[in-house]
Every structure is written in C-alpha cells, then in structure tokens.
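*Asks:* Take a look at the letters that make up each chain.
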Amino acid sequence: MNVFVISVVGILITMALALTRAFLGPTVFDRVLAANMFGTKTVLLIAVAGFLTGRPEWLDLAILYALMNFTGMIALLRFSKFANLASDEQLK
Amino acid sequence: MKRGLLLFVLLFVVWLLLSGHYTSPLMTYGALSCAGIVLLVRHLGILDEEALPVHLSLRWLVYAPWLMKEIVLSNIAVAKVILTPGLPIHPRMIRLTASQSSDVSRVIYANSITLTPGTVTLDVRGSEFLVHSLTSDSAEGLLSGEMDRRVSRVEGAASANGYFV
Amino acid sequence: MEGLREIAVWICLIAGGAFSVIGGIGLVRMPDFYTRSHAASITDTLGAGLILLGLGLHSGLNLITVKLVFIFLFLYITSPTAAHALVKAAYSKGLDAPDIEEATGAARAIRNEALAVSRKGRGH
Numbered sequence: 589m590n591v592f593v594i595s596v597v598g599i600l601i602t603m604a605l606a607l608t609r610a611f612l613g614p615t616v617f618d619r620v621l622a623a624n625m626f627g628t629k630t631v632l633l634i635a636v637a638g639f640l641t642g643r644p645e646w647l648d649l650a651i652l653y654a655l656m657n658f659t660g661m662i663a664l665l666r667f668s669k670f671a672n673l674a675s676d677e678q679l680k
Numbered sequence: 363m364k365r366g367l368l369l370f371v372l373l374f375v376v377w378l379l380l381s382g383h384y385t386s387p388l389m390t391y392g393a394l395s396c397a398g399i400v401l402l403v404r405h406l407g408i409l410d411e412e413a414l415p416v417h418l419s420l421r422w423l424v425y426a427p428w429l430m431k432e433i434v435l436s437n438i439a440v441a442k443v444i445l446t447p448g449l450p451i452h453p454r455m456i457r458l459t460a461s462q463s464s465d466v467s468r469v470i471y472a473n474s475i476t477l478t479p480g481t482v483t484l485d486v487r488g489s490e491f492l493v494h495s496l497t498s499d500s501a502e503g504l505l506s507g508e509m510d511r512r513v514s515r516v517e518g519a520a521s522a523n524g525y526f527v
Numbered sequence: 028m029e030g031l032r033e034i035a036v037w038i039c040l041i042a043g044g045a046f047s048v049i050g051g052i053g054l055v056r057m058p059d060f061y062t063r064s065h066a067a068s069i070t071d072t073l074g075a076g077l078i079l080l081g082l083g084l085h086s087g088l089n090l091i092t093v094k095l096v097f098i099f100l101f102l103y104i105t106s107p108t109a110a111h112a113l114v115k116a117a118y119s120k121g122l123d124a125p126d127i128e129e130a131t132g133a134a135r136a137i138r139n140e141a142l143a144v145s146r147k148g149r150g151h
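Residue numbers (the numbering used here), protein chains in the order written: chain A, 589 to 680; chain F, 363 to 527; chain D, 28 to 151.
Keep in mind that the hints are not guaranteed to be accurate.
[Said to hold, decoys possible] From chain F, some residues computed to sit far from chain D (all C-beta separations above 10 angstroms):
#, residue
1, Phe374
2, Ile399
3, Pro427
4, Gly480
5, Asp485
[What the hints assert, rightly or not] Below, computed lysine to aspartate or glutamate pairings styled on DMTMM-like, alpha-carbon distance capped at 25 angstroms:
#, chain 1, residue 1, chain 2, residue 2
6, D, Lys115, F, Glu432
7, D, Lys120, F, Asp485
8, D, Lys115, F, Asp465
9, F, Lys442, F, Glu502
10, F, Lys442, F, Glu432
11, F, Lys431, D, Asp126
12, D, Lys120, F, Glu432
[Said to hold, decoys possible] Cβ-Cβ distance ranges computed for the label pairs, FRET-style:
#, chain 1, residue 1, chain 2, residue 2, range
13, F, Tyr384, D, Asp123, 54 to 60 angstroms
14, F, Thr390, A, Leu612, 24 to 30 angstroms
15, F, Glu490, A, Thr608, 34 to 40 angstroms
16, A, Asn590, F, Thr446, 29 to 35 angstroms
Just so you know, the hints here were simulated from the structure itself, not pulled from any lab data.
Just so you know, even glycine gets a beta-carbon here, dropped at the ideal spot from N, CA and C.
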C-alpha cells in the first residue's frame, strides 16, 4: 500500500473532526478556528495528493491556497472586529 | 534605494525558484513583475526595516533549531494530554515581561510562544505579554524565561542602543 | 541507503498524519475555545511539519523541495499570527477566560530583572 494514502486518510479524518467542531460551535471563534484548521489541512491535502497522483506541480496550488487561507482568516477577523474591511483611519 | 534593490533581488530569486522556467521571455516577465512589486511597496511607504529585517544577524540560525526542539517536545506533551482519558488540563493566564527592546524581536518572541503548543499569546502591550497556557508545565516552562533569554541573544549586540541602524 | 530513506519517509508521513488526527481529536474534546486553540496548533506545527518533511525526503533535492520549504516557512510564520489574531479577537470580545495570575516568587524576580533590562535598553 502506498504510504501517501495513509497520510491522506489521516488528513481527511482531521478535516472531518474540524468540520464537526465547526458545526458544534458554540461561539463564532470556535467556528473560525475550525475553518482555519480545515484550510491548513487543505494545503497539506493538495500537497500529498499531488505526490500520490505523481503530479508534484500541485504544490503551486498548495502555496496559493496557503496564501488565500491566511488572507481570508485575517480579513474575517478584521471584519468581526471593525464590522468593516477599511483601514483604521477611514473609521475615524 | 538600497533596500529596494535588495527586495528586487530577493523577489526575483523567489520567482526563479517557484517558476522553474528559464527562458528569456518568461524571465523578462518575472523581472518586470518583481520591479512592479518593488515600486508598489515604495509607493505604499512600507519599505523599512520592518518589511526587510536585514539587521537580524545569523544568530537566528542558532535559535531556529532550539525552537524546533521545543516545538517537538511540547507537541508530544500536549498530544499526551489530549489522549489521556481524564483530560488533565489546568488553563492559566499569566503575564510575562519581555526583555527585548525592539518590536521585531518582540514579534519573534510572541510568535515563538504561540507556535509552541500549550501556550498562546493573547495580548501584547509594550513589553507586557498576556499568555494563556494549557497545563501548569507549559506555564512553568515559559516562566523560567529560557525562551526570552534566547530571543534576546538573537537580538544581540545590534540593538544594544535600543535602535537598529 | 535508498531503503533507509524510504523508511524515514514512511515514519514522517505516518507520524505527521497521526499528530494531525490527535490535534483534530483535541479540537473536538477540549472544553472551551482557548484550550481548543492549543489543540489546533498541534496540527499546524508538528502535523504539517512532519508531512512536509516526509514529502521533501521523498522527492530529494530539487525545485519541488524548494516549494515544500516555502510552504513550510509560510505555515510556520502565518499559523501563530492567525492563532494570535483569533484569540486576541475572542479575548477582546469578552469570551470567558481564566483569571490573570500575577507573577510570584522566582517568576517575579525574573520579571523585575527583565523590566530593568528593558528600561535600560530604552534609556540609551
């Protein structure tokens, strides 16, 4: 059996657990935490799946997804803090 | 100007490593986009020592392996706690005082604390850190101040006067 | 030698998968938000690190490894930043947290010493 399959299964279980937490909540922060973890696991899943299917070029997608995940997370938190995505100056 | 040139070289090296295409038309596009980014960064006015901390010395290379070791050890400790049936956690909130004098070093210290499982930095006010820890062990490890000393050593003599030149 | 590397790849990938599952279990088991954030940091650090190390060992030294290093560095810089932003937002929104302890004993001494050093640093 291919070792990448074991890794992929582990990542998928983790993603399922993160989704469980995202559905259970109870606060919005638990959901954001779970969503962030889900995003990080997606990066790893793309990377490992690339090796599994013999197409390591997928790593470019993984890098892009890592960037998007971080930016999306910070944007979401900014929104939850200021209810606005504009800069601090514009709020004054 | 010097910083702009350095940023351009760094970006272009990253571009070369990521693209893997070494034909002249593509490399021209790469160089053009790197130059565009440098101009954009200059226009935004964020091309300073915070964007490009060149002053951090190579002592960083001593700190990184130690941090890796700490991360592995605390990962194993927290994994054990999670797998123990009774979930023996003892959450604590502690205040720390960082002895670093520059913002960059404080960011390194705060991020190192957060990166180590079992401790997470909640708030930073000046040199006062507010830290949430999962177990008493992780809190005691932090209060022993070893990480603080090591980050200070990375900061080193370059900041003896409190400023980076 | 080739066999040894193969074994290292196996160990890294399986251990990485195991650590990320443990982090996931922690995320579901832990009682409140702040303790869950510690569980999430397990998957983000050692889980991701070991899987990427395993992939790097498998591919050898080429441009693919460089990309893996980029992903590794990026994750290790952004994941504490995101975690900090999240817990800070939760704390400032008043989510229940343990009481703040004041440093005592040896910790207080270290703290005072550190304060003195940082004041001296600023004084110059």
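*Asks:* Now, for every hint given, state plainly whether the structure supports it.
*Replies:* For each hint, the structure was consulted:
1. Phe374: holds (14 angstroms)
2. Ile399: holds (17 angstroms)
3. Pro427: Label holds. Min Cβ-Cβ 13 angstroms, cutoff 10 angstroms.
4. Gly480: Its Cβ does come within 10 angstroms of chain D, the nearest being 6 angstroms, so this is violated.
5. Asp485: Since the minimum Cβ distance to chain D is about 6 angstroms, Asp485(F) lies within 10 angstroms and the statement is violated.
6. Lys115(D) <-> Glu432(F): holds (24 angstroms)
7. Lys120(D) <-> Asp485(F): holds (13 angstroms)
8. Lys115(D) <-> Asp465(F): holds (18 angstroms)
9. Lys442(F) <-> Glu502(F): holds (18 angstroms)
10. Lys442(F) <-> Glu432(F): With Cα atoms ~15 angstroms apart, Lys442(F) and Glu432(F) stay inside 25 angstroms; holds.
11. Lys431(F) <-> Asp126(D): violated (30 angstroms)
12. Lys120(D) <-> Glu432(F): violated (31 angstroms)
13. Tyr384(F) <-> Asp123(D): 54 to 60 angstroms: holds (56 angstroms)
14. Thr390(F) <-> Leu612(A): 24 to 30 angstroms: Violated - the Cβ-Cβ distance for Thr390(F) and Leu612(A), about 53 angstroms, lies outside 24 to 30 angstroms.
15. Glu490(F) <-> Thr608(A): 34 to 40 angstroms: holds (37 angstroms)
16. Asn590(A) <-> Thr446(F): 29 to 35 angstroms: holds (33 angstroms)
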